[in-house]
Amino acid sequence: MELAVTDITKRFRDMTAVDRVSCRMTKGVYGLLGVNGAGKTTLMRMLCTLLHPTEGGITWDGEDIFAMDGSYRRILGYLPQEFGYYPEFSVHDYLMYIASIKGLRPAAARRRAGQLLETVGLSGSERKKMKKLSGGMKRRVGIAQAMLNDPKILVLDEPTAGLDPNERIRFRNLISELAGERLILLSTHIVSDVEYIAREILLMRGGKICAAGTTEELIEAMPARVWRVPAAKDQAGSFMKSYKTANMKAVRDGVELRLLSEKRPAEEAAEESATLEDLFLYYFGEKAGEGNV
Amino acid sequence: MFKYELKKIFFRTGSIIAMGILLLLIGLVCWFATDVYYVDRNGVKQRGPSAVAKLRAEQKAWAGYLDEKKLRRVIAENKKIKSSPEYQSENETDREIAYSRGQGFEDIRTLLNKSFAREFREYDYYRADRLSEESALRFYENRVKLLKEWLEGEANEQYSDGEKAFFISRYEDIETPFYYDYATGWSRLFEYAPTLVMVMLLVLGYLVSGIFSNEFSWKADAVFFSSYYGRNRATAAKIAAGFCVVTGVYLTAMLIYSAVVLLYLGADGWSCPVQILFSGWKSFYNIAVWQEYLLIWAGGYVGCLFIAFLGMWVSAKTKSAVLAVTVPFVLIFIPSFLGNIRFSLVGKILGLLPDQLLQMGNVVGYFNVYSFGGKVVGAAPVLLVVYAALIIPLAPGMYRGFRHMEIG
Ligand SMILES: Nc1ncnc2c1ncn2[C@@H]1O[C@H](COP(=O)(O)OP(=O)(O)OP(=O)(O)O)[C@@H](O)[C@H]1O
Ligand SMILES: [Mg+2]
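Chains as they are written, first to last, in this note's numbering: chain A, 1 to 293; chain B, 1001 to 1408.
Just so you know, the hints here were simulated from the structure itself, not pulled from any lab data. Every clue listed holds true.
Mimicking DSSO-like on lysine-lysine, the simulated pairs with C-alpha atoms at most 27 angstroms apart in a straight line are:
#, chain 1, residue 1, chain 2, residue 2
1, A, K138, B, K1003
2, B, K1007, A, K138
3, B, K1282, B, K1069
4, A, K138, B, K1319
5, B, K1003, A, K131
6, B, K1219, A, K129
7, A, K129, B, K1003
8, B, K1348, B, K1282
9, B, K1054, B, K1080
10, B, K1003, A, K128
11, B, K1069, B, K1114
12, B, K1219, A, K128
13, A, K233, A, K249
14, B, K1007, A, K132
15, A, K131, B, K1007
16, B, K1145, B, K1282
17, B, K1375, B, K1145
18, B, K1114, B, K1070
19, A, K128, B, K1007
20, A, K241, A, K263
21, A, K131, B, K1319
22, B, K1317, B, K1007
23, B, K1219, A, K132
24, A, K138, B, K1219
25, B, K1282, B, K1079
26, B, K1007, A, K129
27, B, K1003, A, K132
28, A, K244, A, K263
29, B, K1079, B, K1054
30, B, K1219, B, K1319
31, B, K1054, B, K1082
32, B, K1319, A, K129
33, B, K1282, B, K1114
34, B, K1219, A, K131
35, B, K1375, B, K1282
36, B, K1348, B, K1164
37, B, K1219, A, K152
38, B, K1069, B, K1080
39, B, K1282, B, K1164
Keep in mind it's a predicted model, so treat the numbers as computed, not measured.
Based on the provided sequences and hints, a complete structural model is requested.
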């Protein structure tokens, strides 16, 4: 059970959305972390055979997924970032339809849909029309839909976008629950979504995977260190221009900054242990003033 | 999954409105087609079932072979009425009373007008009134004579010798005398069928336009195409749904329309030659009324299916429902803008456009023929065969176009 991505590139005209990406995934949760436009969705679409890579290949247990055709899609579940549905369908109709195009027999589909609605906390809403559901409920139907065929590979593109903090926590738990014997690839730009549940995190920027590994490995490998720096109010600005700043909090006699730097940024600075948030900042963050050129 | 494809089509406000419009239109067309009046002996126009019954009874009294004896009687009766004081009167009611007396043979009188026209393409409403009883002899002969004159004169350039010979032989081969019967049910049915079929096609075009493209506009495409059957069976189910919608709606609408008109006006005259109908006198298709009815059914069905499939094919290729809805509009309205050029090369091409299928009743009256290696064939069978054959590659065409879609 291995999904291997080898040097894939996807170009749209003159724009390279995914640039020579390689990675290997087996079972467990993988978090694909990146800012807007990093190429996450494009990469996932290729993994779901919706787009052909311009270069490179993707294999499942050594077989090309495009050549596998139906037999690959049979073990695939996908929740797209923009999850579309048939507005006039009831939740039940929707799930039954998707089950049918996933090759489930009606009796099995009914059973499975019932179980999944319970898992995602929607039993009782079967007769509701899709268009009348709240955003969070739609996402949950989206997850249920992706899980109908009990996929070995579950691809979730920003499943937590637009969810409130409570929903977000429920979601995280749900994903851990679903993990089991499958490969889950989950994209997000919110660190906490994957921090504790992902077995491995892939950091994506400008179409490239710029770092990958477990949280510990990534933090270990991060070139910068994290410092807590007390400073006077008027000094804060100059610190923030020179260093990536994770946090600033007001204290009694000034401010306290959390900075990323390879070297000690100031005499009074105290080193702290880094978190995934810091890592995210290190790879994707900007110093104050950058970016508004 | 087929069942859900149908749900996707019909569970939309737009589709419900479209079906409502179609029902309304069927009602309207039925109403127009059955709006027949009878003028009673007091010169008063009557409508409704009893009027139909009276008209039918009077016309049925004239049913039978249109031989010399019968035509002489018609000419004589007509003369009598036309020389009556009521007919000569300035008074509107008196003239209606005169008309009332001739209602039974009015259809035959119009055939006399046609047969004795000075020119092939002329129609003189009063021609029959000037005929002597002896002319009855020349009723069938005239038909051929006018055709020949036309082919040698006005239409000389438009047809090859083979085609001319074809028309003449069709005219000469027809069995005479014609058997006449009351056939108002059929002539009314034929008259309004094109309107019904064309509007039905627009509704059908709308219904099927979203079958493919809505997956994209609903953003349901990603889940669809990443599913096991998305790129094969589920795509095929869409084509099947399109086919069944066209077939189901067409059959239902035509059945309702035919049933209403024929039950109300009567289906008498089904076995008469189409030449006894006002629209059929000149037709070179030597067929019976029921055969023209079948042609209208078949033509309408093939036409609707072809155009609807063409629209689906366009939307499967372009992801656009708008383009798909445009197809039927263009195919129906462009030819009518180009006018009634029925002859010459342009006419030959126009005669083969799919809008012709929707009005087979008219095609039966047109002089459109096509030659294939010396053999001359009328437009009606050519249209049916050509478009039935063109439908076949459209299905695999849209299948391939849709299943290979990239979602990016
Ligand atoms: N079909 C397309 N045609 C042209 N450019 C595209 C297409 N799809 C994506 N792109 C471009 O590719 C880049 C990567 O887009 P992608 O959607 O993969 O990013 P993402 O990481 O998913 O971003 P987000 O977090 O906003 O969802 C973007 O610059 C985008 O404009
Ligand atoms: Mg995205």
